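Visitor: Chain Y is already provided as a structure; the job is to place chain V on it using the hints.
Line by line, the protein sequences give chains Y and V. At position 206 of the first sequence the residue is numbered 206 (the numbering used here), and the sequence of numbers has no breaks. Take the position in the second sequence, starting the count at 1, then add 1000; the result is the number in the numbering used here.
Treat the hints as calculated values from the structure; they're not laboratory data. From a predicted model like this one, the values you see are computed outputs, not experimental measurements. Possibly wrong hints are sitting among the right ones.
[Stated by the list, open to error] With a straight-line cut-off of 16 Å between C-alpha atoms, the simulated EDC-like cross-links for lysine to aspartate or glutamate are:
1. 187(Y) - 201(Y)
2. 164(Y) - 1074(V)
3. 164(Y) - 1069(V)
4. 127(Y) - 1069(V)
5. 247(Y) - 118(Y)
6. 1065(V) - 1080(V)
[Said to hold, decoys possible] Sample of chain Y residues lacking proximity to chain V, with all beta carbon distances greater than 12 Å (derived):
7. 39
8. 46
9. 47
10. 65
11. 87
12. 108
13. 117
14. 221
15. 224
16. 245
17. 250
18. 251
All residues carry an ideal CB built from backbone N, CA and C; glycine is no exception.
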Amino acid sequence: MKKLVVLSLGVVFAMSQSNAQKIKGSETVLPITQKAAELYIKSNPKSNVSVTGGGSGVGIAALIGGSTDIAQASRKMKFDERQKIQQSGNTVKEVIIAYDALAVIINPGNKVTNLTREQVEGIFTGKIKNWKEVGGEDMKVVPYSRETSSGTYEFFKESVLKNKNPMSGIMSMPANGAIIQSVKQTKGAIAYVGLAYVNKDVKAVHISYDKGKTFVEPSVKNAINKTYPIVRPLYFYYLKRHEAKVKAFVDYILSPAGQQIVGDVGYVTVK
Amino acid sequence: MFRKISNIIVKQLLTFSGAITGIAILFISIFLFKEGLGLFKSPAIEEGYALFVNSKNIVDNLTAKEIKEVFDSEITNWHELGGEDIEIRIFRIDEIFQHYSDEELGEDYQFLPEKLAEVIREDESIVAFVPVEFAPAQHVGVKELMVDNITFSDYFAGKEWLPTATPAPLFGTLPMFLGTLLVSLVAILFALPLGLGVAIYLSELAQERIRKFLKPIIELLAGIPSVVYGFFGLVVLAPLVQKTFNLPVGETALTGSLILAIMALPTIISVAEDAMRNTPRAMREASLALGATHWQTIYKVVIPYAKSGISAAVVLGIGRAIGETMAVLMVTGNAALIPTSLFDPIRTIPATIAAELGEAPTGGAHYQALFLLGCVLFLITMVISITAEMISKKKNYKDM
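Bound-form chain Y, shown alone:
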């Protein structure tokens, strides 16, 4: 028994000696870091990377509280979060590891293909109620939103709704999968998801940010050449004094092999 205790203590000690690092935060970034961590551990068997989700806000809170080494986020760190880190005498480093395009999706049975940003704003703030107002059939518009805690919601609100609140009483779904399911089975539906989640059950709308002059299809190609407007950076945040510890993994994600993963899971590479 005693032997076992000593042994397990030894194992714990050895593990804390190797460069164990914890990554926590956005569900959107999760597929990238999970895959990257898997391959990274394979090529560096001594290292130990653990990845958990929870949402951008949770990740950053954990970074402030010191329970994670890297916070992954699908939105920029807020002013007061940065402030809290500075108060504790630390400086935070920000690294953009990938980009994600947000697609506005509708039911495949809907004939509308183009929408301007102003029209999307009108729909989500409740000013446009029928598809015929934007060139579709005479059918009620049913907008679906994400829960207010999601980073995707925050980015959509900031970029597309220009910081306005969606109409009160909008339907909000707990996950990207549920959004896809609802849009698939509701004829008048409209919603937004990360490009990586778009599949053949839903139709992605072409979006215009210049009041209808050019409509751009949401695709990885258009996100890379910067013609598609609703693109957000995905971030890693870590404390400067932990830089030595996390550097290897961050460099791995930014390396060609890491960016290959980014492309494979459906996001847009940094370079």
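Guide: Chain V in isolation, oriented as in the chain Y frame:
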């Protein structure tokens, strides 16, 4: 001797575990209410922030709703708020970084208040939303807008739930309260006749063999995780409801009620059936001996005798429906609207807590608002279980 000691030890252990449970329950309720009631001490504007205007502006205070409408560009002119006829310009802290470089603001942002004051002084139409820490309060030409604390009626009678709206979140819980009651009551209306029917069949009509086979299966229904019910509801029931009633959306109060009814059925069936089977053999035989038919015995003797058990089944079923979280989160659409019909999407109290508590900053107004929702739910279920207790204690033979 040994036996005596072990008896004493067991007795002490039992008392101790009872005390622990009691203390735990007390502690949880105190914690719940302490966190929840803190909400009414928080200002209606986001914690740690303040609103500033030019000192020439004659508007002095705004309500949370007015602030929200200003920042949503629904109110665009100061005269709508009792001010002069100029268009409102909204200013958020992040904009300052577009006007000034990091060097100009200082390393620890020590010059930030000064620069903010400069911006506000220059523009009579401005309303600036800035952190209190950098508030340009002492500077000339700047005035802080007064904002009241969140009130009781804002919370319980408010119709809008926008907990992460900046600068002024809105915590109106009336839609959720009504949504929860509607969905649960309708669920009971579906589940009760069906559940009672099955209970009567199982206890009175079914052959022993069939009963032995059916009862465990029905009780197994109670063991299915609610997420599975939720997924079934989203994929199967929602499209069905949508097609049958030709609705624009399938996620409605009705869909939620149907799922909850299915989930409440096992509870209702097994409690009601137990109550009916407890009818003494002597009573049934007396009834039959007086010439009553089998059916007359059921509704004149068995059901009146089991009345208290049946009521308890109903109340337990309602309790199950009101507290259910995951399934309704998935099928009711979660729209915080006051329901006007069964075909509207609704949002329930447990679903709101489950969906939002994870990312509400600890100790903030949103967090407290969710805890208070927990208190409301706690009170509702407490009333229900006290009612259930009272009903099942009462043995009523008068009607027989």
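Visitor: Hint by hint, note whether the structure agrees.
Guide: The hints, checked one at a time:
1. 187(Y) - 201(Y): Holds, at about 12 Å.
2. 164(Y) - 1074(V): holds, 9 Å
3. 164(Y) - 1069(V): Distance of about 9 Å is within 16 Å: holds.
4. 127(Y) - 1069(V): Holds, at roughly 14 Å.
5. 247(Y) - 118(Y): violated, 42 Å
6. 1065(V) - 1080(V): holds, 13 Å
7. 39: The claim holds: residue 39(Y) sits with its nearest Cβ about 29 Å from chain V, beyond 12 Å.
8. 46: Per Cβ check, residue 46(Y) is outside 12 Å of chain V; nearest 34 Å; holds.
9. 47: holds, 29 Å
10. 65: Incorrect as stated: the minimum Cβ-Cβ distance to chain V is 10 Å, not above 12 Å.
11. 87: violated, 9 Å
12. 108: Given that every Cβ of chain V is farther than 12 Å from that of residue 108(Y), nearest at about 15 Å, it holds.
13. 117: Since the minimum Cβ distance to chain V is about 15 Å, residue 117(Y) lies beyond 12 Å and the statement holds.
14. 221: holds, 31 Å
15. 224: holds, 26 Å
16. 245: holds, 26 Å
17. 250: Answer for residue 250(Y): holds, closest chain V Cβ roughly 23 Å.
18. 251: holds, 26 Å
Violated hints, listed in ascending order, are 5, 10, 11; each of the other numbered hints is respected by the structure.
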